[in-house]
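Visitor: Okay, so the sequence shown: first residue is 204 according to the working numbering, each after it adds one.
Calculated from the structure, these hints are not laboratory results. Cβ atoms here follow ideal geometry from the backbone N, Cα and C, with glycine treated the same way. Heads up, a few of these hints could be off.
Said to hold, decoys possible - Quick list of the computed label-pair ranges, beta carbon to beta carbon:
#, residue 1, residue 2, range
1, 518, 447, 27 to 37 angstroms
2, 278, 446, 13 to 23 angstroms
3, 242, 342, 43 to 53 angstroms
Stated by the list, open to error - Each computed EDC-like pair below joins lysine to aspartate or glutamate, with the alpha-carbon atoms no more than 20 angstroms apart:
#, residue 1, residue 2
4, 444, 305
5, 331, 254
6, 331, 470
7, 456, 473
8, 538, 395
9, 459, 395
10, 225, 411
11, 290, 356
12, 572, 550
13, 289, 232
14, 572, 305
15, 390, 548
16, 406, 521
17, 459, 446
18, 331, 518
19, 382, 550
20, 444, 498
21, 331, 284
22, 401, 521
23, 426, 446
24, 444, 548
25, 572, 411
26, 426, 411
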Amino acid sequence: MTDPRYTRLARLLVHYSTRVKKGDRVLLDAIDVPDEFTIELMRAVRAAGGDPFVEIRHTRVNREILRGTNTRHATLVRNLDLARMKKMQAYIAVRGADNISENSDVPSDRLALFSRLTRPVLNWRVSKTRWCVLRWPSPSMAQSAGMSTESFENLYFDVCTLDYARMARAMVPLERRLKRADRVRLKGPGTDLSFSIKGIGAKMCKGDRNIPDGEVFSCPVKKSVNGVISFNTPTIYAGTKFENVRLEFRDGKIIKATANHTQRLNEILDTDPGARYVGEFSLGFNPYILNPMCDILFDEKIAGSLHFTPGQAYEVCDNGNRSAVHWDMVLIQRKDWGGGEIWLDGELIRKDGLFLPADLKGLNPQNLK
Numbered sequence: 204m205t206d207p208r209y210t211r212l213a214r215l216l217v218h219y220s221t222r223v224k225k226g227d228r229v230l231l232d233a234i235d236v237p238d239e240f241t242i243e244l245m246r247a248v249r250a251a252g253g254d255p256f257v258e259i260r261h262t263r264v265n266r267e268i269l270r271g272t273n274t275r276h277a278t279l280v281r282n283l284d285l286a287r288m289k290k291m292q293a294y295i296a297v298r299g300a301d302n303i304s305e306n307s308d309v310p311s312d313r314l315a316l317f318s319r320l321t322r323p324v325l326n327w328r329v330s331k332t333r334w335c336v337l338r339w340p341s342p343s344m345a346q347s348a349g350m351s352t353e354s355f356e357n358l359y360f361d362v363c364t365l366d367y368a369r370m371a372r373a374m375v376p377l378e379r380r381l382k383r384a385d386r387v388r389l390k391g392p393g394t395d396l397s398f399s400i401k402g403i404g405a406k407m408c409k410g411d412r413n414i415p416d417g418e419v420f421s422c423p424v425k426k427s428v429n430g431v432i433s434f435n436t437p438t439i440y441a442g443t444k445f446e447n448v449r450l451e452f453r454d455g456k457i458i459k460a461t462a463n464h465t466q467r468l469n470e471i472l473d474t475d476p477g478a479r480y481v482g483e484f485s486l487g488f489n490p491y492i493l494n495p496m497c498d499i500l501f502d503e504k505i506a507g508s509l510h511f512t513p514g515q516a517y518e519v520c521d522n523g524n525r526s527a528v529h530w531d532m533v534l535i536q537r538k539d540w541g542g543g544e545i546w547l548d549g550e551l552i553r554k555d556g557l558f559l560p561a562d563l564k565g566l567n568p569q570n571l572k
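The task is simple: from the sequences and hints, build the whole structure.
Guide: Laid out in structure tokens, this is it:
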């Protein structure tokens with residue numbers, strides 16, 4: 204018997220997140236996901252009048268692909284995948300993994316090469332299709348969250364099927380404030396960073412791009428970032444777990460970067476010139492996600508968090524930065540994580556993870572559950 208939660212989540216992804224309609228071609232990208240859920244997605248797409256196209260992948264196989272890639276191979280992969288993506292109106296990716304460190308021994312130069320050459324596929328998908336990306340619960344994710352597998356699965360489905368329409372209504376004032384703001388200052392332990400977002404715009408994420416969701420993002424003016432930021436949340440990139448990442452900026456550029464793996468951190472930041480500039484600034488506030496689990500689709504939505512992103516900017520809030528890298532690094536500012544402040548044009552809008560202005564208090568955890 205199919206878990207009824209599979210059906211509920213599939214319908215949310217098809218009807219709310221990607222708004223599939225009659226005649227739509229939908230690419231379903233399933234990576235280490237139970238066949239039963241992939242089938243529920245197919246049925247939901249067909250029920251909406253769309254045509255599902257399915258890609259089944261596995262992380263262990265993908266590791267071997269990356270280990271042996273070269274310019275000729277990555278270029279052909281890009282051309283084939285881009286040709287297919289251009290025929291799609293919607294894209295749903297569900298990504299599971301038994302081992303979050305599967306790519307940790309893939310050489311950095313191979314990862315950088317593959318990311319750089321295949322980036323046009325991601326750019327097209329982000330800008331030209333209705334898309335949604337989510338993880339699939341696994342024992343390794345439960346372990347990272349410090350939970351039993353069953354408890355984590357229950358949390359996962361609660362988080363992924365919450366009332367995103369209600370959350371979206373509470374996001375409107377924050378999006379409005381970020382759109383008209385100029386100066387931003389971030390303060391906290393080991394952090395004193397300032398930058399401008401003037402003219403960049405803002406976008407609320409309400410379950411129609413990522414699941415789980417709960418953030419509003421903008422982007423710094425490319426050369427406006429100055430100061431230092433210290434991240435208190437571990438982050439996985441290319442299979443390596445980074446902790447205690449500290450970035451120093453001068454005129455927008457990362458001039459010094461340290462972590463527990465400082466050399467590998469800098470190798471990634473040297474992928475291309477744009478990797479040392481920032482492509483996103485965002486505030487997270489999902490009330491059910493409180494602690495990091497080394498999965499960025501969850502961690503970037505942590506209540507009372509922000510993330511700052513070396514690399515590629517989104518076209519919807521664009522500062523012109525281009526890179527094969529897009530690395531969301533998370534700083535939790537709740538009091539139990541050391542606290543912190545966010546200032547917009549001289550006004551303190553969030554302290555210790557809680558919004559202070561009356562129009563933003565709807566985003567505090569007690570008002571979203």
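Visitor: Hint by hint, note whether the structure agrees.
Guide: Hint by hint, here is what the structure shows:
1. 518 - 447: 27 to 37 angstroms: At roughly 32 angstroms between Cβ atoms, residue 447 and residue 518 fall inside 27 to 37 angstroms, so the hint holds.
2. 278 - 446: 13 to 23 angstroms: violated, 35 angstroms
3. 242 - 342: 43 to 53 angstroms: violated, 22 angstroms
4. 444 - 305: holds, 11 angstroms
5. 331 - 254: holds, 18 angstroms
6. 331 - 470: violated, 31 angstroms
7. 456 - 473: holds, 12 angstroms
8. 538 - 395: With Cα atoms ~17 angstroms apart, residue 538 and residue 395 stay inside 20 angstroms; holds.
9. 459 - 395: With a Cα-Cα distance of about 15 angstroms, the restraint between residue 459 and residue 395 holds, given a limit of 20 angstroms.
10. 225 - 411: The hint holds at about 18 angstroms.
11. 290 - 356: violated, 34 angstroms
12. 572 - 550: Violated - the C-alpha atoms of residue 550 and residue 572 are around 27 angstroms apart, more than 20 angstroms.
13. 289 - 232: Roughly 15 angstroms between the alpha carbons, so the hint for residue 289 and residue 232 holds.
14. 572 - 305: violated, 35 angstroms
15. 390 - 548: holds, 14 angstroms
16. 406 - 521: holds, 11 angstroms
17. 459 - 446: Holds - the C-alpha atoms of residue 446 and residue 459 are around 15 angstroms apart, at most 20 angstroms.
18. 331 - 518: Holds - the C-alpha atoms of residue 518 and residue 331 are around 11 angstroms apart, at most 20 angstroms.
19. 382 - 550: holds, 15 angstroms
20. 444 - 498: holds, 11 angstroms
21. 331 - 284: holds, 14 angstroms
22. 401 - 521: holds, 11 angstroms
23. 426 - 446: violated, 26 angstroms
24. 444 - 548: Roughly 35 angstroms between the alpha carbons, so the hint for residue 444 and residue 548 is violated.
25. 572 - 411: The given pair, whose Cα atoms are some 19 angstroms apart, holds under the 20 angstroms limit.
26. 426 - 411: violated, 30 angstroms
In summary, the structure is inconsistent with hints 2, 3, 6, 11, 12, 14, 23, 24 and 26 from the numbered list given earlier, while agreeing with the others.
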